[in-house]
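Heads up: the sequence lines are chains R and Z, in that order. Heads up, the first sequence is in numbering that gives the first Met the number 0, so the first residue is 0 and it goes up one at a time. Heads up, the second sequence is in numbering that gives the first Met the number 0, so the first residue is 0 and it goes up one at a time.
Note that these hints are calculated values from the structure, not bench results. Please note: incorrect hints may appear among the correct ones.
[Claimed, not checked] Calculated pairs, BS3-like style, for lysine-lysine (alpha carbon to alpha carbon, straight line, at most 30 Å): (1) R:K375 - R:K310; (2) Z:K125 - R:K318; (3) R:K122 - R:K137; (4) Z:K2 - R:K310; (5) R:K22 - R:K113; (6) Z:K40 - R:K318; (7) Z:K113 - R:K310.
[Unchecked claim] Now the stretches of chain R that chain Z is said to cover, found in silico as 3 or more residues with beta-carbon under 8 Å: (8) 109-117; (9) 142-149; (10) 161-168.
[Unchecked claim] Per label pair, the in silico range of CB-to-CB distance: (11) R:F457 - Z:G122: 48 to 56 Å; (12) R:V485 - Z:L54: 20 to 28 Å; (13) R:E447 - Z:R87: 32 to 40 Å.
Where is the CB? At the ideal position from N, CA and C, for every residue including glycine.
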Amino acid sequence: MSTLLLIDDEEGIRKVLSLSLRKDGYQVLTAENGGKGLESFRRNLPRVVLTDIKMPGMDGIEVLKIIKQIEPDTEVIVITGHGELELAIQALQLGASDFITKPVSDEALSIALKRAEQKLEMKRRLKEYTHDLESMVKAATDELRRRYEFEDKLIQASIDGIVATNEKGSVLIFNEGASRIFGYSRLEAIRGMDIEDLYPAEIAREIKEGLYGRKYGEEHIFRWKEINVKVKDGQEMPVRFSGAILYEKEEVVGSVGFLQDLKEIKRLEQDLIESERLAAIGQTVAGLAHCVKNILYGLKGGVYVVNTAFKSNNPEQLKTGWDMVNRNIGKVSDLVMDLLNYSKEREPDYQRCFLNTIAGDVCDLMDLAAQEVGVKIIRNFDQAIGEVALDPKGIHRCVLNLVSNAIDACHFDLDRKKDCVVEVKTALEDKDTVVIEVSDNGCGMDEEVKNKIFTSFFSTKSGAGTGLGLLVTQKIIKEHGGTITVESEPGKGSTFAIRLPLRENF
Amino acid sequence: MGKKVLVVDDDADVRTFVTTVVETNGYTPIVATNGEEAMAKVRGDKPDLIVLDVLMPRESGIRMYRELKTDDALKTIPVVILSGIAKRTFLRSQAALTEFGGQAVPEPVAYLEKPTEPEELAGTIKKILG
Numbered sequence: 000m001s002t003l004l005l006i007d008d009e010e011g012i013r014k015v016l017s018l019s020l021r022k023d024g025y026q027v028l029t030a031e032n033g034g035k036g037l038e039s040f041r042r043n044l045p046r047v048v049l050t051d052i053k054m055p056g057m058d059g060i061e062v063l064k065i066i067k068q069i070e071p072d073t074e075v076i077v078i079t080g081h082g083e084l085e086l087a088i089q090a091l092q093l094g095a096s097d098f099i100t101k102p103v104s105d106e107a108l109s110i111a112l113k114r115a116e117q118k119l120e121m122k123r124r125l126k127e128y129t130h131d132l133e134s135m136v137k138a139a140t141d142e143l144r145r146r147y148e149f150e151d152k153l154i155q156a157s158i159d160g161i162v163a164t165n166e167k168g169s170v171l172i173f174n175e176g177a178s179r180i181f182g183y184s185r186l187e188a189i190r191g192m193d194i195e196d197l198y199p200a201e202i203a204r205e206i207k208e209g210l211y212g213r214k215y216g217e218e219h220i221f222r223w224k225e226i227n228v229k230v231k232d233g234q235e236m237p238v239r240f241s242g243a244i245l246y247e248k249e250e251v252v253g254s255v256g257f258l259q260d261l262k263e264i265k266r267l268e269q270d271l272i273e274s275e276r277l278a279a280i281g282q283t284v285a286g287l288a289h290c291v292k293n294i295l296y297g298l299k300g301g302v303y304v305v306n307t308a309f310k311s312n313n314p315e316q317l318k319t320g321w322d323m324v325n326r327n328i329g330k331v332s333d334l335v336m337d338l339l340n341y342s343k344e345r346e347p348d349y350q351r352c353f354l355n356t357i358a359g360d361v362c363d364l365m366d367l368a369a370q371e372v373g374v375k376i377i378r379n380f381d382q383a384i385g386e387v388a389l390d391p392k393g394i395h396r397c398v399l400n401l402v403s404n405a406i407d408a409c410h411f412d413l414d415r416k417k418d419c420v421v422e423v424k425t426a427l428e429d430k431d432t433v434v435i436e437v438s439d440n441g442c443g444m445d446e447e448v449k450n451k452i453f454t455s456f457f458s459t460k461s462g463a464g465t466g467l468g469l470l471v472t473q474k475i476i477k478e479h480g481g482t483i484t485v486e487s488e489p490g491k492g493s494t495f496a497i498r499l500p501l502r503e504n505f
Numbered sequence: 000m001g002k003k004v005l006v007v008d009d010d011a012d013v014r015t016f017v018t019t020v021v022e023t024n025g026y027t028p029i030v031a032t033n034g035e036e037a038m039a040k041v042r043g044d045k046p047d048l049i050v051l052d053v054l055m056p057r058e059s060g061i062r063m064y065r066e067l068k069t070d071d072a073l074k075t076i077p078v079v080i081l082s083g084i085a086k087r088t089f090l091r092s093q094a095a096l097t098e099f100g101g102q103a104v105p106e107p108v109a110y111l112e113k114p115t116e117p118e119e120l121a122g123t124i125k126k127i128l129g
């Protein structure tokens with residue numbers, strides 16, 4: 000039930016109206032003047048106030064003003080005497096919702112009250128609606144803020160550097176990852192830095208071209224690539240970079256770049272290479288020690304045989320011992336030469352020369368050694384090969400290694416019923432490539448041996464080889480930018496092929 | 000003619016050295032360059048002692064030693080191992096073969112790691128053959 004405050008100085012009116020209003024279902028509070036009325040209003044906060052204007056002391060206009068200050072939503076209906084229209088208008092201007100004139104009729108009062116009720120109801124709904132709207136806006140704003148904060152945190156928390164710019168290329172977002180990479184603080188970066196201050200010129204130009212739409216319609220995503228960025232102390236820092244031009248409805252709004260610090264990765268790579276190198280050195284030293292030990296054993300053996308021969312005055316034995324000493328001195332010198340060749344990091348000494356002449360020299364040199372073990376060397380040279388640019392000494396060494404291996408392969412072959420042949424073949428494969436092929440029909444290799452021939456100190460020659468020959472050969476060929484390949488079958492023989500690119504200028 | 004010593008090694012220098020030591024000390028050397036050849040000579044020439052290398056092509060000393068020591072007719076021939084690999088490694092390989100299902104074989108009567116001094120080798124042979 001609604002509460003209503005009735006302020007009137009005439010007791011008769013208060014009584015009559017109260018009765019009538021109570022009958023209409025209101026709970027009626029009455030007051031006989033403005034001061035008491037306001038007191039009652041403050042205590043009960045009725046939603047509707049009915050007040051006479053002309054009252055002794057505080058008049059109705061004053062009461063209206065104060066009530067509107069206290070609770071602006073209150074519906075105040077003023078009661079005016081006949082012909083007091085101006086007062087009524089003043090009251091309306093001050094926020095009264097309605098007026099009724101004396102003598103007050105039940106109908107007029109009832110209508111005024113109904114309108115007041117309706118207004119109150121509308122105000123309530125409006126308030127509810129406004130409140131809903133406000134809370135909806137607040138919720139949406141909160142959500143937006145949460146998302147913004149979340150995204151901001153996401154950007155800040157990223158280990159990768161993130162740099163976003165506006166459509167002109169000025170930095171807007173610069174996260175901690177970017178600070179770590181570049182050395183600039185976020186504030187330094189967003190107060191006037193440009194992508195040109197951060198990225199290498201070509202990347203900055205590409206992004207700017209994207210921003211200014213000179214290449215509009217092209218996809219502006221920069222795939223991951225390794226670049227060096229300029230950091231605060233003037234040094235360069237290796238990073239992996241990717242980026243994109245940002246569009247909003249086909250309008251360029253900015254750019255974003257993602258950067259990954261490669262310094263650490265590079266450092267780890269370096270460490271790995273270093274440890275592999277140390278492991279390789281360890282293996283090499285072990286292999287070398289074994290190799291030297293064997294040669295030393297041969298030398299000591301030789302010396303012992305020589306000494307024995309002296310004591311027993313046996314010239315034949317003396318020759319055997321002396322041969323051993325010589326052979327092992329030869330091995331030491333081979334080993335040292337191979338090691339030097341292998342360890343030296345060098346550019347081939349390119350000279351104009353004839354490949355066929357080099358191959359021919361090797362064959363001539365090895366003919367005698369081959370004949371001694373019953374092997375025939377066949378020369379098969381392509382006369383189309385003219386003067387070429389090679390390191391003649393290096394290539395000579397490679398061919399010599401292959402030919403001497405081929406002779407050994409025949410020599411080691413147990414099936415000596417077949418005629419052993421080593422073929423040295425040269426060919427112009429195409430206008431840019433020459434091939435040198437050395438093949439034999441000796442013992443051949445199984446897969447296991449084939450897989451090991453290019454490793455250091457691997458030898459199947461029972462102490463007669465250094466285990467470095469093919470390694471040195473491979474190294475020289477690589478230095479020429481060429482390749483060496485091998486095909487082999489146990490019992491059938493092996494073919495080694497060297498392919499060398501021909502140089503235009505040298 | 001002194002007692003016969005079979006020298007098995009794929010390295011010519013080692014063979015020359017060992018045979019010279021053997022000869023100088025009054026024994027008769029026989030040589031073989033791999034395990035296969037050596038087994039044939041063991042059966043044919045009946046040596047009194049075998050000086051055996053371990054790492055050889057075709058048939059290794061590890062297998063040949065096992066063959067000798069599991070053959071009733073040959074197991075009494077003393078074998079001196081002369082090798083670039085350590086004794087421990089050789090014994091471990093024999094133990095592994097035994098575990099693999101083979102018969103346990105005794106340790107060689109002597110094991111010399113290369114490089115060996117001639118006196119040491121001569122002394123070892125003398126101690127065995129008397």
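Hint-by-hint comparison with the structure:
no.	hint	verdict
1	R:K375 - R:K310	violated, 42 Å
2	Z:K125 - R:K318	holds, 27 Å
3	R:K122 - R:K137	holds, 22 Å
4	Z:K2 - R:K310	holds, 22 Å
5	R:K22 - R:K113	holds, 14 Å
6	Z:K40 - R:K318	holds, 27 Å
7	Z:K113 - R:K310	holds, 25 Å
8	109-117	violated (count 0)
9	142-149	violated (count 0)
10	161-168	violated (count 0)
11	R:F457 - Z:G122: 48 to 56 Å	violated, 35 Å
12	R:V485 - Z:L54: 20 to 28 Å	holds, 24 Å
13	R:E447 - Z:R87: 32 to 40 Å	violated, 25 Å
Comparing the model with each numbered hint stated earlier shows that hints 1, 8, 9, 10, 11, 13 do not hold.
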